[in-house]
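Let the hints inform the model, and build the full structure from the sequences given.
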Amino acid sequence: MLLENDNKKFIRTLSNNCLKANKIRNAIALLAIMLTALLFTAVATILQGTQISVREQTIRQSGTRFMASIKFTTAEKTKELMEDPLWETVSVERVLWKIVNPELMDISVNMAWMEETYAKNSYMEIEEGHMPEEEYEFACDTEILRLLGIPEETGTKVNIQYLTDEGVKEEPMTLSGYWEGEKYEQTAEVMVSEAFLEKKIDESTIAHDASVPGSYCIRGSFATDEDVEGQLNTVIANAGFDPDAERGEEGFVVHHTNPAYENRNEMGGGMIAAAVFGVLMILLAGYLIIYNIFRISILKDIRLYGQLKTIGTSPKQLKYMVKRQGYLLALAGIPAGLILGWLLGNVLLPLIMASTTVGESVFIMPHPAVWVVSAAFTFLTVWISCGRPGKLAARVSPVEALRYQDGEEGGKAKKKGRDSHHRIFQMASANLKRNRGKTVLVVMSIALSLILLNSVLGATGCFDKEIYVRRNAVTDFIVHSGNYGNFSVDDYTKTLNPKLSGKLSEMENVKNFGEVYCHILPPEQVTDIEQGSLINITEINGKRTNIVTEGTKEEFGNAVSEFDWRRTAYGWSRNILNDVILIEGELDYDKLNSGNYVIMAGFLGDDGLYAKESQEFHAGDKIRLDIGGEEKEYEVLAVAGAVHNLTLDSSLGGYEAVVFSKEQFQAIFPNDTDPLVCAFDAEEGTFAEVNSEAEQITSQLNSSMITRLSEEREFDEIQSTYRIVGIVLAAVFAVIGILNLINVILTGAIARQNEFAVMRSIGMSQRQLKKLFIYEGVLYALLAGAVGITASAAVSLTAVKAIVSNWWFARYSLSVLPAFEAALICSLLAAGIAWVIDRMWNKGSIVEKLRRIE
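For the sequence shown, my numbering assigns the number 760 to the initial residue and increments by one for each residue that follows.
Just so you know, the hints here were simulated from the structure itself, not pulled from any lab data.
All figures in this text were calculated on a predicted structure; none of them were measured in a lab.
One or more hints might be untrue.
Below are the DSS-like pairs computed for lysine-lysine, each with C-alpha atoms no more than 27 Å apart in a straight line [claimed, not checked]: (1) LYS767 <-> LYS779; (2) LYS1150 <-> LYS767; (3) LYS1075 <-> LYS767; (4) LYS1258 <-> LYS782; (5) LYS1150 <-> LYS782; (6) LYS1150 <-> LYS1192; (7) LYS1371 <-> LYS1381.
Here you go:
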């Protein structure tokens, strides 16, 4: 029975000495631990950063950080509402008049007084100067200053013209401060002082539920963003209002929740699955190298552990020695890996966000839980990786340990080989078979990086540029208002400047010019945000839409049972018919313009397909429309699909909108004179000239423009971003695999010095030994390449195919070329690594090496 030594201090000292004696192993293990921590932290930082960036940009697009707003209340009710304890932050603004300086005619600018808290939370924080204090001081953004033609200098004087009920008035005012404005903005505010407000506004004119100069607008946020609408309704009810009342009913007050807080950015099932897959991949990659490093280290020092067991060291103490070394290396490597991973995540995050509709990203300081979880997962990897090598050291028999030679794991007797010029290659192959477990770990480690690289490049190779461009740019040019896509402003502000359409259509080399009009009511006439641009369908083929019976279900389908009779009304000019997809019927503009026909149009999905399951109308249907209280029957000429950029940026009413000809639309809705969209092409060979002129016109009139060229560039950026991020992560996995390969070859060279000396003594030349070394390294890479290419094909046909099927802009095709090319590069690296290690360790005379054996 073995004697046991319970001297813990001695065991710790011995463990420390073993750690110091294995400097090369320590360096590789430390780097592996750092890379494992780096991967965990980088992935976690990107996930958290994506959520935060999306949330921040959504809030930014809404124009305010506040969660809710209440408008058009009296001074007494404003005070009562603001004193409600549910608010965490609350502030107020009072809009006065519209500024009508000729230089600002192409942009809607209101004069307003607001509290400083209101301004800061509405992205109007003064960057230079101060809030207006004196009676005739004002502050505005840099875009307003640019349009007014005055320098960005406080103290500058300018005459401000504003429109009142008594006509246009003009006041000389002094710039007290300014902040950075938004390019292409179409709405803005100019701050004035409280003294100016008090002098110009008669409080007796302020009435409840009336948009008059000096009306109060309350904005605020609650302590939590859970159920913002419910909390707002409580505040309204506490002040004596009815949150469910409609305009004109008792207890009504205008109130809205910020759209940015309506949808919480929680990870969906796909993102959770991807995160879990990433964690498992990192765990596997880290385990493969750290386990292999310690396993090889134990086998190299197996005689030491056998001797320690002989003098009484217990199996528990031996396991402790091995694990302690791993824990000490983890203690040094994890903090460095966490910091590097955090930095890498913040480097990759802007690339990822640039490929999305969000665009911008914010620099992320991860939540403390991210650091803790990343460190815990890395330590878990080290703990698992050191477990089996520790058991191997604990189970070793002292007698077997003293006789151990690397690779002696038993097996069948090998046949003697015949003389052959392939003998060196056969020896290299046999050496890989000597320790199959070690070979499998190295091969898997390298193959993992090949699989990841092939999956990323294979997936991005499936991106289809034509499909992507067609989604947003059905013509060479599409022009929108600068407010298009901004959900913080009212829809009626999203129409184009009336001058713009004329200037664009008059440009040289322009063809197929078309316009889209939309019926949109101003906010004071809207009782519900979802009714602002809608008309009503009262009857379909003689059946009233507000009566749901079994007969209507049979005749019109199940959609009628959930029928939304409210519809958006559009007007299309003749050329727009060339930019939509015909689903049913005929696109005959002359018939459409007769006044007896309409087109029912739904928006196309990202994949360019029409949502047939949502289709409610068919060519030939007779529908009765209620427009402003007057009813008229129309026949459905066609059902068509339009891309999102030819429709309003928010979906109102039922899926299919009602489309009139441009001329009929303007006759029915004479107040809707400004187009929502202009679309046109350039004559062949003149794209650059038309693009340059159109850019100049749109920038002058605060509009935005989408072109085929810009969409192609955006596609290239998205494809490059996915590739860069994937290649970076694959490169980290590749480094882990290469480190594993270096560790195997290097530790093999050190442990087999005796074997090499004997082989040299019986006739093997230095050149043959070098070949043997290089062959072994290349064989590892070739095996990894074979496994990687085969597994890449399997992963591509399953996981990659499933992922690509969810991307509207991609079409799947099998490819293993990236894995094949990477395998060739890996083989060259393996040969180079083996050559360098041979130069370092297989030198010196045979006599010296044989003396070391003795």
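Each hint tested on the structure:
1. Among the hinted pairs, LYS767 with LYS779 is consistent with the structure: their alpha-carbon atoms are about 18 Å apart, no more than 27 Å.
2. Under the criterion of a C-alpha separation no larger than 27 Å, the hint pairing LYS1150 with LYS767 is consistent with the structure, at around 19 Å.
3. In summary, the hint linking LYS1075 to LYS767 is supported, as the alpha carbons are separated by about 11 Å, within the 27 Å threshold.
4. About 75 Å separates the Cα atoms of LYS1258 and LYS782, which puts this hinted pair outside 27 Å; it is violated.
5. Restraint check: the Cα-Cα separation between LYS1150 and LYS782 comes to about 22 Å, which is no more than 27 Å; the hinted pair holds.
6. Restraint check for LYS1150 and LYS1192: the C-alpha separation of about 23 Å stays at or below 27 Å, so the hint holds.
7. With a CA separation close to 20 Å, the supplied pair LYS1371 and LYS1381 stays within the 27 Å bound.
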